Amino acid sequence: MIPAAFAYYRPTDMAGVISLLQEHGDDARVMAGGHSLIPMMKLRMADVPHLIDLQAVGGLSGIAIGSGGIRIGAMVTQSEIIADDALSTAAPILREAALQIADPQVRNMGTVGGNVANGDPGNDMPGLMQCLDATFSLIGPDGVRDVPARDFYEAAYMTARGDEEVLTAVTIPLPAGGYAYEKQKRKIGDYATAAAAVQIVKDGDICTAASIAMTNLSDTPIFSEAAGAALIGTSVDDAALQAATDAMQGDIDPSEDNRGPVAFKKHVAGVILRRAIARAWSRA
Amino acid sequence: MKDEVTREERIDNLKGMGCSRKRVEDARFTQGKGNYVDDIKLDGMLFGDFVRTPYAHARIVSINTEEAMKVPGVLAVLTAADLEPLGLHWMPTLAGDKQMVLADGKVLFQGQEVAFVVAEDRYAAADGIELVEVEYEELPVIVDPFEALQSDVVLREDLVGDGGTLPDGAHGPRKHHNHIFTWEAGDKDPTAEVIAEADVVAEESMYYHRTHPCPLETCGCVASMDKVNGKLTLWGTFQAPHAIRTVVSLISGIEEHNIRVISPDIGGGFGNKVGAYPGYVCSVVASIVTGKPVKWIEDRMDNLMTTAFARDYHMTGKIAATKEGKITALQCHVTADHGGFDACADPTKFPAGFMNICTGSYDIPTAYLEVDGVYTNKAPGGVSYRCSFRVTEAVYFIERMIEVLAIELNMDAAELRRINFIKKEQFPYKAALGWEYDSGDYHTAWDKALKAVDYDGLRAEQAQRVADFKAGKTRSLMGIGLSFFTEIVGAGPVKNCDILGLGMFDSCEIRIHPTGSAIARLGTISQGQGHATTFAQILASEIGLPADSITIEEGDTDTAPYGLGTYGSRSTPVAGAATAMAGRKIRAKAQMIAAYLLEVHDNDVEFDVDRFVVKGAPEQFKTMKEIAFAAYNQAIPGIEPGLEAVSYYDPPNMTYPFGAYVCVMDIDVDTGVPDIRRFYALDDCGTRINPMIIEGQVHGGLTEALAVSLGQEIAYDDMGNVKTGTLMDFFLPTAWEVPNYETDHTVTPSPHHPIGAKGVGESPHVGGVPCFSNAVQDAFRPFGNRHTNMPHDHWRIWKTAHDLGLHD
Amino acid sequence: MSRKMHITMTVNGKEEEFLAEPRELLIYTLRERLNITGPHIGCETSHCGACTVTIGGKSVKACTMFVAQADGADITTIEGIGGPDDLHPLQTAFKEHHGLQCGYCTPGMITRATKLLEENPNPTEEEIRFGMAGNLCRCTGYQNIVKSIQAAAAEMAAAKEAAE
Ligand SMILES: Cc1cc2nc3c(=O)[nH]c(=O)nc-3n(C[C@H](O)[C@H](O)[C@H](O)COP(=O)(O)OP(=O)(O)OC[C@H]3O[C@@H](n4cnc5c(N)ncnc54)[C@H](O)[C@@H]3O)c2cc1C
Ligand code: FES
Ligand code: FES
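Line order of the protein sequences matches chains A, B and C. Here our numbering = 1-based position in the first sequence + 15. Here our numbering = 1-based position in the second sequence + 178. Here our numbering = 1-based position in the third sequence + 4.
Accuracy of the hints is not assured; some may be wrong.
Cross-link-like lysine to aspartate or glutamate pairs, in silico, EDC-like; alpha carbons within 20 angstroms at most [to be verified]:
#, chain 1, residue 1, chain 2, residue 2
1, C, 164, C, 123
2, B, 901, A, 272
3, B, 648, B, 221
4, A, 281, B, 846
5, B, 200, C, 100
6, B, 248, C, 25
7, C, 8, A, 62
8, B, 651, A, 253
9, A, 200, C, 130
10, A, 200, B, 846
11, B, 211, C, 100
12, A, 202, C, 20
13, A, 202, C, 75
14, A, 202, B, 853
15, A, 281, A, 234
16, B, 763, B, 784
17, C, 62, A, 62
18, A, 202, B, 844
19, B, 276, B, 221
20, C, 62, A, 68
21, B, 470, B, 221
Listed next, the stretches of chain B that the computed footprint assigns to chain C, with coverage defined by at least 3 CB atoms under 8 angstroms from CB atoms of chain C [what the hints assert, rightly or not]:
#, region
22, 215-221
23, 389-395
24, 438-445
25, 704-716
26, 719-730
27, 906-913
Listing some non-contacts, in silico: residues in chain B with all C-beta distances to chain A over 10 angstroms [as the list claims (entries may be wrong)]:
#, residue
28, 304
29, 311
30, 850
31, 901
32, 973
Keep in mind that the hints were calculated from the coordinates and are not lab data. The model shown is predicted, which means the values in this text are computed figures rather than measured ones. Positions of the beta carbon are idealized from the N, C-alpha and C atoms, including for glycine.
Turn these sequences into a full structure, and let the hints steer you where they fit.
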């Protein structure tokens with residue numbers, strides 16, 4: 016498993032990255048941790064004549080928590096997410112989800128930016144970011160722009176990011192209430208058979224806000240607004256749970272793979288979501 | 179002479195049989211100083227790698243190597259046309275068939291070797307592979323053996339005579355152009371008659387899916403042809419180095435004394451590294467052509483897709499019994515999918531291995547087995563993945579049939595086993611399908627196991643769980659998996675066991691050094707079983723020199739005596755016996771020397787731990803160390819100098835380890851996720867040489883059993899594409915998915931083995947697979963489940979629940 | 005073929021300098037260029053962990069890193085963890101508790117375990133199993149690996165206490 020040859024660049028600032036992207040167009044790709052890209056290159060499923068390593072580019076690291084929200088640099092690794100105590104207090108769902116991604120070595124390399132920019136429906140962070148209503152900051156030849164996570168994904172490996180743009184950070188409004196990231200997989204190191212991200216707010220016995228996103232159940236992550244809406248105003252009783260899962264089922268469109276056929280995935284999606292809601296509610 | 183140490187201390191000092199001696203191999207492995215084949219680096223060494231077909235069945239229209247040859251660093255691209263003049267474009271398989279080394283006109287399975295690119299480094303080889311242009315003409319693909327037996331499509335044109343006649347195969351007449359052999363054991367008509375008249379008959383069909391041994395190290399070799407001296411050296415991941423030497427000699431024409439085969443450290447084998455693969459042949463040819471050493475190491479996808487699958491048995495059975503549950507007959511038919519070439523690694527006379535051990539641990543008076551081997555568009559192999567030849571399949575079959583019969587009889591499956599076990603006093607027991615079981619005490623083992631897990635308590639808990647489930651209080655079910663297995667290992671007696679005509683004896687050669695240390699060389703090769711540790715222990719007890727003073731060497735055909743290698747748990751039963759027997763020869767000579775030195779008659783001295791003592795006067799003795807020195811340095815009338823021995827051991831019979839396993843599993847009905855709560859494994863492998871190593875083997879075998887039963891498979895789609903070609907989809911559990919195991923034992927020594935040992939490396943896999951599977955199936959028994967096929971991955975478990983209406 | 009790059013790195017405390025194609029995978033650099041053959045190759049797809057090394061203090065799978073990425077890196081392999089005269093407690097414990105069989109996974113296991121015990125000096129069995137889940141073993145069934153790591157943790161804690 017040996018990739019085709021390529022030219023390697025390690026620019027130290029964003030201007031350098033962007034000029035390389037402009038110069039080589041389609042033939043260039045940025046690389047963060049490389050743990051999605053390198054396997055594809057080794058299998059010669061991705062051809063990257065010009066590889067731009069982001070490791071030395073300034074301004075892409077760090078986690079900042081402010082009153083307005085949380086900013087996570089694109090090059091922050093999944094391990095850093097897990098290790099950051101302040102982040103785990105402010106948005107515990109991030110840690111809960113990151114722990115369910117791959118294994119310790121992969122998490123040391125895999126970045127938040129790479130995970131959300133990759134566009135692989137199997138990645139866990141895109142759905143998570145949709146649940147949290149995150150915003151992705153992109154920089155390109157024409158300047159800087161923000162794209163909501165919920166508008167970012169178009170199809171498998173197709174996103175709103177332009178070829179000459181780089182994702183610099185993810186910004187998340189401070190989440191409120193209870194949370195859960197529930198994922199079924201075949202073993203550690205596997206992508207989700209089905210996963211659900213739930214963030215839920217409780218006032219007395221009543222749910223006042225709920226946000227739900229599903230992973231690996233369509234060719235993009237699925238933010239199910241209807242599923243969240245089905246919980247709002249209820250006491251998250253059995254009927255509400257049923258309504259939420261029914262709504263979610265209307266939004267997902269899984270396909271068969273080695274993890275199982277469509278009927279199974281739909282069923283498991285429902286079970287996983289119910290459990291995630293129940294756990295989030297109990298923490299709300 | 180005064181002796182300061184007690185007899186107990188002398189025994190301890192030897193670190194002989196029965197002690198948990200720490201492994202001598204570990205120092206190098208824990209420091210990164212192992213020497214595996216890919217660690218070998220020779221001056222000017224080249225790399226070879228394969229162009230492989232993406233199609234499962236296609237004709238090769240043309241191969242153009244021009245562009246590939248232009249890649250800087252690429253030196254040669256070999257195709258079948260280059261090998262043909264040497265007669266090496268095909269090679270014999272271990273099963274009496276032949277196999278293409280490089281695609282000769284067509285390809286028969288995805289990943290088959292089409293061309294071999296030889297380059298200065300692996301990067302140039304990889305670039306060259308990309309540029310070899312192969313034009314294929316696709317042919318209809320058959321991945322189902324039942325379809326193959328009906329189809330007009332001929333997979334192996336080379337095996338069809340003029341006018342469509344079907345010449346006999348290696349194992350007799352063939353019924354169809356895609357049929358390989360029919361193999362029978364037992365009595366057909368009498369079995370049918372008993373079944374026809376029985377009180378109760380249970381019938382079941384089951385598929386034991388295709389999987390793969392997948393050792394952590396893949397297969398590979400380095401071939402180095404020294405043209406000056408005419409010597410070929412071949413390092414490789416060989417579980418049977420001597421057999422490889424003989425095969426290489428036979429097919430290449432190089433005389434056997436000019437070939438040296440070396441198995442360095444091997445990173446696990448589990449059956450994957452028994453066979454001969456095209457990579458070996460191409461490396462040898464490439465080295466002859468270029469005059470340089472050539473390395474070939476398969477990558478993990480090559481490994482899973484092409485070398486050595488295991489299982490793929492479609493089994494149909496009938497089991498008959500009286501109303502009381504006494505089994506009266508067993509019938510089994512197997513449709514065996516062998517892929518594009520029959521490359522099963524079985525003893526020649528046993529094209530279905532020892533599948534005829536499928537009467538299991540039970541006293542079944544009448545039985546009949548019939549196996550049909552079939553060609554399909556899948557990879558060849560059919561190796562014994564951590565088991566003796568096809569024994570996993572046999573044990574799975576009988577242990578499922580017992581469960582199905584228990585359902586039919588509405589009886590407890592543990593009790594059904596108990597009333598049908600072969601009784602202790604029936605051994606040696608002649609089974610209906612031909613084997614003579616050497617020894618066993620099944621009832622004792624079973625009772626011990628059931629008591630250890632509080633079987634009745636578990637059943638009560640399970641009943642409560644079912645009640646709770648029905649009452650809507652839980653969505654989790656509980657399964658109790660039982661299995662009782664009898665292995666058949668230690669192939670084997672040369673009178674009926676050979677591979678390619680090579681008798682399946684094994685060997686040991688011992689040299690005692692003058693200062694009382696020793697080296698012993700064997701025909702086997704360790705792949706993690708710790709031979710360097712345990713064989714020294716056997717010898718320590720036999721010859722009275724400390725294990726720490728004995729070096730064990732294996733794997734170099736220039737120095738080791740001829741042997742058939744390590745697989746099918748044959749090392750301890752066969753080479754272990756050879757070791758003991760060679761040790762006894764040493765001891766016999768030592769006795770004469772001791773008598774001379776002590777100035778008494780030979781019969782007046784006796785062996786005691788580490789010395790010979792004068793009978794009745796234990797204060798007069800000569801230690802083995804003293805005797806060794808005298809053997810070389812003292813002129814003893816009538817005795818040649820030196821202290822050496824060789825033994826070639828042809829076992830009189832197989833050995834029959836057995837065991838009783840119980841698994842307790844919780845199953846999430848809604849997601850299909852199983853949770854192994856408890857696993858108890860009682861093994862009886864006869865005399866125990868090193869309990870620590872036995873326990874380690876049991877843990878490892880059980881974990882491979884867990885993998886196979888709960889998800890590990892080589893799956894194909896209808897086009898013959900392998901769907902599980904990387905470790906993302908091919909299930910190897912991590913530490914997280916694996917439970918802690920409880921191990922236990924009884925000891926029933928083998929009566930015919932010199933030290934009573936039976937072999938254990940593979941029992942836990944053989945017994946473990948049905949145990950895990952039975953646990954899953956048992957959880958659903960109260961809801962009407964009879965049988966579902968493995969692997970029990972999440973979706974298949976979920977489907978079982980779904981089909982039983984448990985999601986409604 | 006692409007241009008070769010000038011690479012420098014520190015491996016087991018030793019400065020290394022050479023020219024290499026950027027696409028060379030770090031595992032091959034170590035094994036074939038620098039003759040450091042302790043780290044192994046088991047899958048090439050970052051699943052098995054046989055190739056685990058420590059880079060900049062973190063466990064990383066060397067089969068999924070280009071040599072170009074590792075330019076300037078500080079790398080430790082099993083060879084840098086302990087040798088005949090200064091065995092690491094983990095190396096001793098793996099032998100003592102039969103934490104290996106064929107030994108192929110062992111360098112990666114031990115290299116990973118050194119970091120696990122730095123991150124969490126007193127792990128529970130569950131934490132060990134979770135923290136070691138990036139390393140596959142086909143032989144041992146993990147039970148004795150877990151035991152070995154527990155034993156090494158205890159040993160290291162005792163040594164630390166004695167030193168204080
Ligand atoms: C064995 C294994 C198991 C895994 N399991 C999971 C899992 O369960 N769940 C999961 O979510 N992931 C999983 N992953 C993927 C892992 O989390 C990846 O590391 C991650 O998806 C990508 O991050 P990266 O930094 O490695 O990105 P890279 O591989 O470097 O890049 C991925 C893609 O994103 C692009 N990219 C990267 N950074 C940027 C940026 N800043 N701006 C624009 N484009 C960018 C690259 O060009 C590339 O196309 C697994 C990986 C492995 C090897
Ligand atoms: S070889 Fe690197 S993880 Fe398997
Ligand atoms: S000891 Fe063989 S793979 Fe772990």
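Each hint tested on the structure:
no.	hint	result
1	164(C) x 123(C)	15 angstroms, holds
2	901(B) x 272(A)	9 angstroms, holds
3	648(B) x 221(B)	71 angstroms, violated
4	281(A) x 846(B)	16 angstroms, holds
5	200(B) x 100(C)	6 angstroms, holds
6	248(B) x 25(C)	19 angstroms, holds
7	8(C) x 62(A)	19 angstroms, holds
8	651(B) x 253(A)	15 angstroms, holds
9	200(A) x 130(C)	18 angstroms, holds
10	200(A) x 846(B)	14 angstroms, holds
11	211(B) x 100(C)	18 angstroms, holds
12	202(A) x 20(C)	38 angstroms, violated
13	202(A) x 75(C)	33 angstroms, violated
14	202(A) x 853(B)	12 angstroms, holds
15	281(A) x 234(A)	14 angstroms, holds
16	763(B) x 784(B)	15 angstroms, holds
17	62(C) x 62(A)	29 angstroms, violated
18	202(A) x 844(B)	17 angstroms, holds
19	276(B) x 221(B)	34 angstroms, violated
20	62(C) x 68(A)	19 angstroms, holds
21	470(B) x 221(B)	8 angstroms, holds
22	215-221	holds (count 3)
23	389-395	holds (count 4)
24	438-445	holds (count 3)
25	704-716	holds (count 4)
26	719-730	violated (count 0)
27	906-913	holds (count 4)
28	304	4 angstroms, violated
29	311	16 angstroms, holds
30	850	8 angstroms, violated
31	901	6 angstroms, violated
32	973	3 angstroms, violated
Violated hints, listed in ascending order, are 3, 12, 13, 17, 19, 26, 28, 30, 31, 32; each of the other numbered hints is respected by the structure.
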